Amino acid sequence: MDQLSFASLGYAAKKKRTKRDVFLAEMAVVVPWVALEALIEPHYPKAGPSGGRRPFPLAVMLRIYCLQQWYNLSDPGAEEVLYDICSMRTFAGLELGRDTIPDETTILNFRHLLERHELTK
Numbered sequence: 047m048d049q050l051s052f053a054s055l056g057y058a059a060k061k062k063r064t065k066r067d068v069f070l071a072e073m074a075v076v077v078p079w080v081a082l083e084a085l086i087e088p089h090y091p092k093a094g095p096s097g098g099r100r101p102f103p104l105a106v107m108l109r110i111y112c113l114q115q116w117y118n119l120s121d122p123g124a125e126e127v128l129y130d131i132c133s134m135r136t137f138a139g140l141e142l143g144r145d146t147i148p149d150e151t152t153i154l155n156f157r158h159l160l161e162r163h164e165l166t167k
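Numbers 47 to 167, taken from our numbering, label the letters of the sequence shown in order.
These are calculated hints, taken from the structure and not from any lab test. Quantities reported herein were computed from a predicted structural model and do not represent experimental measurements. Careful, some of the hints might be misleading.
In silico lysine to aspartate or glutamate, EDC-like type, Cα no more than 20 Å apart, as pairs [unchecked claim]:
1) K167 to D121
2) K92 to D130
3) K62 to D121
4) K65 to D130
5) K92 to D149
6) K167 to D149
7) K92 to E161
8) K62 to D149
9) K167 to D67
10) K62 to E72
Listed next, with one range per pair, are the computed distances between beta-carbon atoms [what the hints assert, rightly or not]:
11) P103 to E72: 16 to 24 Å
12) P95 to I131: 45 to 53 Å
13) S96 to K167: 30 to 38 Å
14) N155 to K62: 31 to 39 Å
15) R63 to G94: 40 to 48 Å
16) K62 to L142: 16 to 24 Å
17) W116 to G94: 18 to 26 Å
18) K62 to S96: 43 to 51 Å
19) D145 to E83: 16 to 24 Å
20) R144 to A93: 13 to 21 Å
21) R63 to Y129: 43 to 51 Å
Ideal Cβ positions, reconstructed from N, Cα and C, are used throughout, including at glycine.
My request is simple: use the sequences and hints to build the entire structure.
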């Protein structure tokens, strides 16, 4: 089991659930994540045998894309909220101090992949 950071422990201990917390918790349940990932997976880059940087998990990138749609975030804006807003970072499956946050170019490339294969409709 992964160890939580001090920031995550503090966030977990907060008493009030914000509207954003409630919305994201509901979306985590009602969105058919497995089915969506199955549609995208054939087009998503795989880690190559020659090394190189491993792609971010598809589930993480898909959730970031959904955050962009729900909150009208640009690619740089999506990167920014992943650093600033714990509930969005948690929804995406990321932990500061443990995970690398995708940069705006990575987020842009994922969005373009979805558009190129007409998976945004």
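Checked hints:
Distance check on the hinted pair: K167 and D121 sit about 19 Å apart at the alpha-carbon level, within 20 Å; holds. At most 20 Å may separate the alpha-carbon atoms for a hinted pair to count; K92 and D130 exceed this at roughly 29 Å. With a C-alpha separation of about 29 Å, the suggested pairing of K62 with D121 is violated against the 20 Å cut-off. Of the supplied pair hints, the one linking K65 and D130 holds, its CA atoms being roughly 17 Å apart against a limit of 20 Å.
With a C-alpha separation of about 18 Å, the suggested pair K92 and D149 falls inside the 20 Å cut-off, and the hint holds. Between K167 and D149, the direct Cα distance comes to roughly 24 Å. Violation of the 20 Å bound is thereby established for this hinted pair. A hinted pair counts as satisfied when its Cα atoms are at most 20 Å apart, and K92 with E161 qualifies at roughly 19 Å. For the proposed pair K62 and D149, the alpha carbon gap of about 30 Å is over 20 Å, so the pair is violated.
Between K167 and D67, the direct Cα distance comes to roughly 26 Å. Violation of the 20 Å bound is thereby established for this hinted pair. Between K62 and E72 the CA atoms are separated by roughly 16 Å; this keeps the pair inside 20 Å, and the hint holds. Here the CB-CB span from P103 to E72 is close to 22 Å, well matched to the stated 16 to 24 Å. About 37 Å separates the C-beta atoms of P95 and I131, a value inconsistent with the hinted range of 45 to 53 Å.
Separation of S96 from K167 is about 34 Å and conforms to the stated range, judged on CB atoms against 30 to 38 Å. Judged by the Cβ atoms, the range 31 to 39 Å given for N155 and K62 holds: they are separated by roughly 36 Å. The given range of 40 to 48 Å is respected by R63 and G94, whose C-beta atoms sit roughly 42 Å from each other. The given range of 16 to 24 Å is respected by K62 and L142, whose C-beta atoms sit roughly 21 Å from each other.
Between W116 and G94 the beta carbon distance is about 33 Å. The supplied range of 18 to 26 Å is therefore violated. Separated by about 49 Å at the C-beta atoms, K62 and S96 satisfy the suggested range of 43 to 51 Å. For the hinted restraint 16 to 24 Å between D145 and E83, the CB-CB distance of approximately 18 Å keeps it satisfied. Take R144 and A93: their Cβ atoms lie about 19 Å apart, and the range 13 to 21 Å holds.
Against the hinted window of 43 to 51 Å, the Cβ-Cβ separation of R63 and Y129 comes to about 22 Å, which falls outside the hint.
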